[in-house]
Amino acid sequence: MISYIIRRIILIFPTLFGIMVINFFIIQAAPGGPVERLIAQIRGTAVQATSIIRGTSGEYETSSGGAGSDTGEQSGDIKSKYRGARGLDPELIKEIEKMYGFDQPPLKRFLKMMASYARFDFGESFFRDKKVMELVREKMPVSISLGLWTTLIVYLVSIPLGIRKAVKDGTPFDMWTSFIVTIGYAIPGFLFAILLIILFAGGNFLHIFPLRSLVSENWRNFPWYKKIIDYLWHLVLPITASVIGGFASLTMFTKNAFLEEINKQYVYTARSKGLTEKEVLMGHIFRNAMLIIIAGFPSAFISSLFTGTLLIEIIFSLDGLGLLGFEAAINRDYPLIFGTLYFFSLLGLFLNLLSDVMYMIIDPRIDFERREV
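Numbered by our numbering, the letters in the sequence shown go through residues 1 to 373 in order.
Mixed in with the good hints there might be a few duds.
Claimed, not checked - Here are the simulated DSBU-like cross-link-like pairs (lysine-lysine), alpha carbons at most 30 Å apart as the crow flies:
no., residue 1, residue 2
1, Lys168, Lys139
2, Lys131, Lys98
3, Lys130, Lys94
4, Lys112, Lys130
5, Lys131, Lys108
6, Lys108, Lys94
7, Lys168, Lys98
8, Lys98, Lys112
9, Lys94, Lys112
10, Lys130, Lys108
11, Lys130, Lys98
12, Lys264, Lys278
13, Lys168, Lys264
14, Lys130, Lys227
15, Lys227, Lys264
16, Lys139, Lys94
17, Lys168, Lys94
18, Lys139, Lys227
19, Lys139, Lys226
20, Lys108, Lys98
Hints listed in this document are in silico derivations from the structure and should not be mistaken for laboratory results.
Just so we're clear, the structure is a prediction, and the values are computed from it rather than from any experiment.
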């Protein structure tokens with residue numbers, strides 16, 4: 001196992017490099033960028049844009065007039081390169097490019113970026129005036145709370161229910177629980193979140209649960225037990241909305257995994273030896289059926305943490321990583337986009353390795369040592 005883990009760790013680095021190469025050049029090829037965004041600010045809000053440029057370069061101001069006959073050729077080049085650049089001083093555009101590092105060719109920028117990322121130096125956000133990791137640390141508690149509690153509750157409810165449905169396959173219990181699970185799967189999480197707000201958070205009915213933030217404003221003044229209660233109380237509605245889709249999927253996945261194992265020959269053999277149904281289920285079926293489900297926990301957590309919370313965060317006014325990533329993409333905040341991509345891709349690759357290790361721990365018959373990595 002040790003040699004396999006070492007090989008996988010070594011493989012992580014070229015994989016991560018490939019992820020960054022592909023995403024870097026895709027984003028570079030996409031229309032728009034931080035330079036064009038600032039140009040749009042200059043065209044639309046000259047006072048704000050002037051202060052931005054002054055604060056950075058200390059010498060350039062915006063102008064709504066032409067660039068002059070001596071810069072006509074340069075203006076044509078800038079016009080072809082950036083939308084909305086007509087009428088702006090070419091030297092101002094060059095200063096903006098220098099400010100964002102776009103005065104260098106893409107390959108040089110990429111290599112410089114990767115050299116910094118290798119030291120876990122992700123730079124500063126273009127438009128938030130904060131270091132990328134500082135922003136991530138600020139938003140992490142919200143996303144960890146949503147992702148961790150959602151994953152735990154989904155697993156704790158879905159696995160026992162899925163096992164029960166497999167054992168009671170075809171009975172009335174299986175039918176009416178399947179009906180409920182199907183409804184849960186069909187309802188989008190964001191729509192269910194809106195329904196919860198209407199019913200329980202000051203909509204047209206009850207006002208039981210808070211609607212905003214992860215804790216109350218005066219949370220720091222509470223005694224420790226009230227802090228825990230307040231924190232959990234704020235999580236009730238967003239966690240409920242997040243759980244609904246994953247709960248349905250994992251329940252049916254667990255049921256099907258157990259049904260597949262129940263019909264295998266070794267189960268009939270175990271029963272013929274006089275073992276009770278409980279001994280057969282827990283001693284033989286459980287380990288084989290739960291292999292994929294339990295080993296997939298790390299990847300399920302990372303998926304829930306970073307891909308499934310954007311709309312929930314918006315609806316419940318929770319400022320987490322989902323909302324941060326969305327704003328970074330909209331604003332073309334490249335340091336924030338690439339810094340978070342690098343960090344969480346690296347985290348995801350290590351969690352995939354953890355999944356493989358869990359496979360081997362749960363079922364010692366699996367031996368990745370004999371496979372080519």
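Do the hints match the structure? See the list:
A hinted pair counts as satisfied when its Cα atoms are at most 30 Å apart, and Lys168 with Lys139 does not qualify at roughly 43 Å. For the hint linking Lys131 to Lys98, the alpha-carbon distance of about 19 Å falls within 30 Å, and the restraint holds. A hinted pair counts as satisfied when its Cα atoms are at most 30 Å apart, and Lys130 with Lys94 qualifies at roughly 24 Å. Of the pairs offered as hints, the one joining Lys112 and Lys130 holds, with about 20 Å between alpha carbons and a cut-off of 30 Å not exceeded.
As the CA atoms of Lys131 and Lys108 are separated by approximately 22 Å, the hinted pair is consistent with the 30 Å bound. Distance check on the hinted pair: Lys108 and Lys94 sit about 17 Å apart at the alpha-carbon level, within 30 Å; holds. Taking the CA atoms of Lys168 and Lys98, the gap is near 67 Å; set against the 30 Å cutoff, the hint is violated. For the suggested pair Lys98 and Lys112, the alpha carbons sit about 15 Å apart, so the restraint of at most 30 Å is met.
Proposed proximity of Lys94 and Lys112 is supported: the alpha carbons are some 20 Å apart, at most 30 Å. Taking the CA atoms of Lys130 and Lys108, the gap is about 24 Å. The hint holds against a cut of 30 Å. As the CA atoms of Lys130 and Lys98 are separated by approximately 19 Å, the hinted pair is consistent with the 30 Å bound. At roughly 16 Å between alpha-carbon atoms, Lys264 and Lys278 fall within 30 Å of each other, so this suggested pair holds.
Our distance criterion of 30 Å between C-alpha atoms is met by Lys168 and Lys264, whose separation comes to about 17 Å. Among the hinted pairs, Lys130 with Lys227 is consistent with the structure: their alpha-carbon atoms are about 29 Å apart, no more than 30 Å. Straight-line distance between C-alpha atoms of Lys227 and Lys264 comes to about 50 Å, which puts the hinted pair past the 30 Å bound. A threshold of 30 Å between alpha carbons decides the hint, and for Lys139 with Lys94 the separation of about 34 Å lies outside it, so the pair is violated.
Distance hint between Lys168 and Lys94 is unfulfilled; the C-alpha atoms sit about 71 Å from each other, more than 30 Å. A distance of roughly 19 Å separates the Cα atoms of Lys139 and Lys227; the hinted pair therefore holds under the 30 Å criterion. Straight-line distance between C-alpha atoms of Lys139 and Lys226 comes to about 23 Å, which keeps the hinted pair within the 30 Å bound. Distance check on the hinted pair: Lys108 and Lys98 sit about 14 Å apart at the alpha-carbon level, within 30 Å; holds.
Checked against the numbered hints given earlier, the structure breaks hints 1, 7, 15, 16, 17 and satisfies all the rest.
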